[in-house]
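Colleague: This is what each chain is made of:
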Amino acid sequence: SQQGEEDPQALSIQEGENATMNCSYKTSINNLQWYRQNSGRGLVHLILIRSNEREKHSGRLRVTLDTSKKSSSLLITASRAADTASYFCATDAGYDKVIFGPGTSLSVIP
Amino acid sequence: DVKVTQSSRYLVKRTGEKVFLECVQDMDHENMFWYRQDPGLGLRLIYFSYDVKMKEKGDIPEGYSVSREKKERFSLILESASTNQTSMYLCASSPPISIGQANTGELFFGEGSRLTVL
Chain A
4 SQQGEEDPQA LSIQEGENAT MNCSYKTSIN NLQWYRQNSG RGLVHLILIR
54 SNEREKHSGR LRVTLDTSKK SSSLLITASR AADTASYFCA TDAGYDKVIF
104 GPGTSLSVIP
Chain B
130 DVKVTQSSRY LVKRTGEKVF LECVQDMDHE NMFWYRQDPG LGLRLIYFSY
180 DVKMKEKGDI PEGYSVSREK KERFSLILES ASTNQTSMYL CASSPPISIG
230 QANTGELFFG EGSRLTVL
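Listed in order, the protein sequences are those of chains A and B. For the first sequence, this note's numbering assigns the number 113 to the last residue and increments by one with no breaks. For the second sequence, this note's numbering assigns the number 247 to the last residue and increments by one with no breaks.
Hints listed in this document are in silico derivations from the structure and should not be mistaken for laboratory results. Check the hints yourself; a few may be wrong.
Stated by the list, open to error - In silico DSSO-like pairs for lysine-lysine, Cα to Cα no more than 27 Å straight-line:
| no. | chain 1 | residue 1 | chain 2 | residue 2 |
| --- | --- | --- | --- | --- |
| 1 | B | LYS200 | A | LYS100 |
| 2 | A | LYS72 | B | LYS184 |
| 3 | B | LYS199 | A | LYS100 |
Said to hold, decoys possible - Have a look at the derived ranges for each label pair, beta carbon to beta carbon:
| no. | chain 1 | residue 1 | chain 2 | residue 2 | range |
| --- | --- | --- | --- | --- | --- |
| 4 | B | LYS132 | A | ASN33 | 39 to 45 Å |
| 5 | B | SER137 | A | ALA84 | 29 to 35 Å |
| 6 | B | GLY169 | A | ILE112 | 35 to 41 Å |
| 7 | A | ARG44 | B | GLU198 | 35 to 41 Å |
| 8 | A | THR23 | B | PHE149 | 40 to 46 Å |
| 9 | B | ILE189 | A | THR70 | 27 to 33 Å |
| 10 | A | ASP69 | B | ILE189 | 25 to 31 Å |
| 11 | A | ARG63 | B | THR212 | 29 to 35 Å |
| 12 | A | GLY62 | B | GLU185 | 31 to 37 Å |
| 13 | B | ASP167 | A | ALA84 | 37 to 43 Å |
The structure displayed is predicted, hence computed values, not measured ones. The beta carbon of each residue, even a glycine, is placed where N, CA and C say it ideally should be.
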């Protein structure tokens, strides 16, 4: 069962533009995480936001969380070609599980 | 640097073969996970373990088993490989969960093992 769903499935932008990805989930959460995956590699953790937080920043990344709408967004500002990757949101589903969405594929064109 | 190492990046096996995928972490993490990743489906949890010799089924455990004899090692076993098990397999570990607390730990992933079953 998938807890999170990212939107859009694919996104293509020019270098220097901002990229926004959204994640919706179904049940109550304690935290939500965003991960990045370069093609053919493992996932790398980007940022974690707790349910009592509304916004969090890390470098060029900005994550928001709206628990009333059960949604989160990841904003990458001033994108670079090196940001080309797949991005996944992940939510806690019970005490032990972390459940991932299908991901957004981001292409940044130089 | 923290490290999760998966024994094989690429494997090709035949239908019916027994397949072992090994994962080792050097962070002394209690929790370890096996996911499979397929296009359009994202990551799906197969099994996880929160202690040595402990295991819990994830969302898609059918056709798989796991072994956790030592804290640092978590093995995924395909008893009789089938073509629908062709996939990318990802191992991850995370810090311990406090009893009564939800998992708030960052997952550390290996590089993945791409398995093709012919």
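Colleague: Could you run down the list of hints and mark each one as holding or not?
Modeller: Okay, the hints, checked on the actual structure:
1. B:LYS200 - A:LYS100: Answer holds: LYS200 (chain B) to LYS100 (chain A) is near 18 Å, not above 27 Å.
2. A:LYS72 - B:LYS184: With a Cα-Cα distance of about 34 Å, the restraint between LYS72 (chain A) and LYS184 (chain B) is violated, given a limit of 27 Å.
3. B:LYS199 - A:LYS100: Since the Cα atoms of LYS199 (chain B) and LYS100 (chain A) sit roughly 21 Å apart, the hinted pair holds (cutoff 27 Å).
4. B:LYS132 - A:ASN33: 39 to 45 Å: Given about 27 Å between the Cβ atoms, the range is violated.
5. B:SER137 - A:ALA84: 29 to 35 Å: Check passed, 30 Å falls within 29 to 35 Å.
6. B:GLY169 - A:ILE112: 35 to 41 Å: Between GLY169 (chain B) and ILE112 (chain A), where Cβ atoms are some 23 Å apart, the hint is violated.
7. A:ARG44 - B:GLU198: 35 to 41 Å: 28 Å, violated
8. A:THR23 - B:PHE149: 40 to 46 Å: The hint (40 to 46 Å, Cβ to Cβ) holds, given that THR23 (chain A) and PHE149 (chain B) are roughly 42 Å apart.
9. B:ILE189 - A:THR70: 27 to 33 Å: Given a distance of about 28 Å, which is inside 27 to 33 Å, the answer is holds.
10. A:ASP69 - B:ILE189: 25 to 31 Å: Given a distance of about 30 Å, which is inside 25 to 31 Å, the answer is holds.
11. A:ARG63 - B:THR212: 29 to 35 Å: 42 Å, violated
12. A:GLY62 - B:GLU185: 31 to 37 Å: 35 Å, holds
13. B:ASP167 - A:ALA84: 37 to 43 Å: 27 Å, violated
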